[in-house]
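Okay, here's what each chain looks like letter by letter:
There are 4 protein chains.
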Amino acid sequence: MDAFEPRDADFRRRVTKSFDLQPFANHIGGTLERVDPGEVDIALKYKPELAQQHGYVHGGVITSIADAAAGYAAMTLAAPSVGVLTTELKVNFLRPAGKGVLLAKGRVIKAGRTLNIVQTDVTEMTDDKTVHVLTGLVTIMFVEGLE
Amino acid sequence: MDAFEPRDADFRRRVTKSFDLQPFANHIGGTLERVDPGEVDIALKYKPELAQQHGYVHGGVITSIADAAAGYAAMTLAAPSVGVLTTELKVNFLRPAGKGVLLAKGRVIKAGRTLNIVQTDVTEMTDDKTVHVLTGLVTIMFVEGLE
Amino acid sequence: MDAFEPRDADFRRRVTKSFDLQPFANHIGGTLERVDPGEVDIALKYKPELAQQHGYVHGGVITSIADAAAGYAAMTLAAPSVGVLTTELKVNFLRPAGKGVLLAKGRVIKAGRTLNIVQTDVTEMTDDKTVHVLTGLVTIMFVEGLE
Amino acid sequence: MDAFEPRDADFRRRVTKSFDLQPFANHIGGTLERVDPGEVDIALKYKPELAQQHGYVHGGVITSIADAAAGYAAMTLAAPSVGVLTTELKVNFLRPAGKGVLLAKGRVIKAGRTLNIVQTDVTEMTDDKTVHVLTGLVTIMFVEGLE
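Chains as they are written, first to last, in our numbering: chain S, 1 to 147; chain H, 1 to 147; chain A, 1 to 147; chain W, 1 to 147.
FYI, nobody ran anything at the bench for these hints, they're computed from the structure.
These figures come from a predicted structure and were not determined experimentally.
Where hints are given, some of them may not hold.
Each pair may be met inside one copy or between any two copies, as identical chains are not told apart.
[As the list claims (entries may be wrong)] Using 30 Å as the maximum straight-line C-alpha spacing, the simulated BS3-like pairs for lysine-lysine come out as follows:
1. 17 - 129
2. 129 - 45
3. 47 - 17
4. 47 - 105
5. 99 - 110
6. 17 - 105
7. 110 - 47
8. 47 - 99
9. 105 - 129
10. 47 - 129
11. 45 - 99
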């Protein structure tokens, strides 16, 4: 993985502010755990309303935090006037996620002028172990003027 | 697209029951609009808590109903004792979705003994037009004994 | 699917010329069968050197013509000075392909200023039937100055 | 990444034999560089007939060796009577590949009884540097009785 140079020295404040303004992120309850150049971690605690019919966390919820971690990882590298949009994502579900804490890690693999390719992985942490729940690849586009 | 023969004559009741038991589907508020062999439609009305930071519907929400439509489309073809799991999904976001009604259509392209390939598309319907918001491909696995 | 307006009235000649200049396309032996706005078909006859170890056509070959059909479908909509690059592709293999003729159809789903989302499908045609071999989604980028 | 226990002590001989029997792999000229449990590397030297219209290696060629590395990585973990099929793959093209040597690395992320999720990456090595050309995720299915 490359080392990345942020275009906006104030990227941490900007990512945090954007995250705090997301109604859906607040609705499901994720928290920002790490904001570094090209790297963002988001945690999510289990809540019953996030489950699917078998009691596991809904795949759409896991995908949502995987996507969010990817998008914010790219945003750490955006210029101050540039926002981010997900253009496509692909995820593989490796194991079901139960009642532990989910941690989604977005890591920029290729930073571009317009398109950024980001790897995203979600693990579930319980008292005695950590399991790999999801791996994916996300394309994030920089959009001038999108805050 | 092929014509499909359900293995469970009672598939409509079974899909509906499973959908009603999903905490997350109820949490975001989707409704089942169509349940036919290999074909399921799910609708979702805009609510402010489903938005991302720019006021559009969060990509994770759109992906969730796209995934759910795909999974239930495959479930219409499952034997009575067989449940469904998403093994992987890939979506392209075509346009942002605003305050209209989202309609996700899951259509089985290839039905298998174990793996089913399902196309999924989401449109947003407003008073005066319908726009294509997402297209995707989802692999759904049949799992014996999973209700 | 939308109807598309080509930006280059001479798009058929341009796509054909580009296809004819591809060493790899000539190497495996594909032929352009259709070039319309947003739609390109490529055919490929079975040859023993295109097989994998079980005698079926190699997945990489099928993916290659699926990708090419998608790229040229987007190229029909490019301005005269703009070339195309595949940024990402996702394919599902539905059935193995044997000794018939493969037909790859690229269809633009969303035409953009920079990014185009293209559906691609490959069928195998033998004397008595046509089977669906591959379905996929491809993102094609317009690049100014790339011939 | 997990450590993997091969089910077939003779996996190296089996993978090598299968690779040598592939007409297409021989046609484009790849070579097996590493065969370990869950890990396979394939190298490919530039040849003019593998190029697309701009002189870079054709995306279909790069995808082919990425897919092959993934499939053989999974095959190292298969029981003696079990073969492998690619069910789906997703790749992002990070940079164009020129006239160096390509190295595709397949790494099993999740080994299963039926489905294996494999990460695949391709780099181009020239005299003075190594660049990341492709990253992808591939699902490989175990099929009983397929040699």
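One pair to classify: residue 105 and residue 129, alpha carbons no more than 30 Å apart. Within, between, both, or neither?
both (17 Å within a copy, 28 Å between copies)
With 30 Å as the alpha-carbon cut-off, assign the pair residue 45 and residue 99 to within, between, both or neither.
both (8 Å within a copy, 29 Å between copies)
What label fits residue 17 with residue 105 when the C-alpha limit is 30 Å: within, between, both, or neither?
This pair counts as within: shortest intra-copy Cα distance 19 Å, inter-copy 35 Å.
If the cutoff is 30 Å on CA atoms, where do residue 99 and residue 110 land: within, between, both or neither? Let me know, please.
Between copies, since 21 Å is at most 30 Å while 33 Å is not.
Identical-chain pair category, residue 47 with residue 99, by Cα at 30 Å:
Both, since 8 Å and 27 Å are each at most 30 Å.
Same-copy or cross-copy closeness of residue 110 to residue 47 [CA-CA at most 30 Å]
Intra 34 Å, inter 26 Å, cutoff 30 Å: inter-copy only.
State whether the alpha carbon distance between residue 17 and residue 129 is at most 30 Å within one copy, between copies, both, or neither.
Result: close neither inside a copy nor across copies, 32 Å intra and 34 Å inter.
Using 30 Å as the alpha carbon limit, work out where residue 129 and residue 45 are close: within a copy, between copies, both or neither.
within (15 Å within a copy, 39 Å between copies)
Have a look at residue 47 and residue 105 and pick one of within, between, both or neither, based on CA distance no larger than 30 Å.
both (20 Å within a copy, 28 Å between copies)
Can you tell me if residue 47 and residue 17 fall within 30 Å by alpha carbon in one copy, between copies, both or neither?
Both, since 24 Å and 22 Å are each at most 30 Å.
One pair to classify: residue 47 and residue 129, alpha carbons no more than 30 Å apart. Within, between, both, or neither?
Only inside one copy: residue 47 and residue 129 sit 19 Å apart there, 37 Å across copies, limit 30 Å.
In terms of the numbered hints stated before, the structure departs from hint 1 and from no other.
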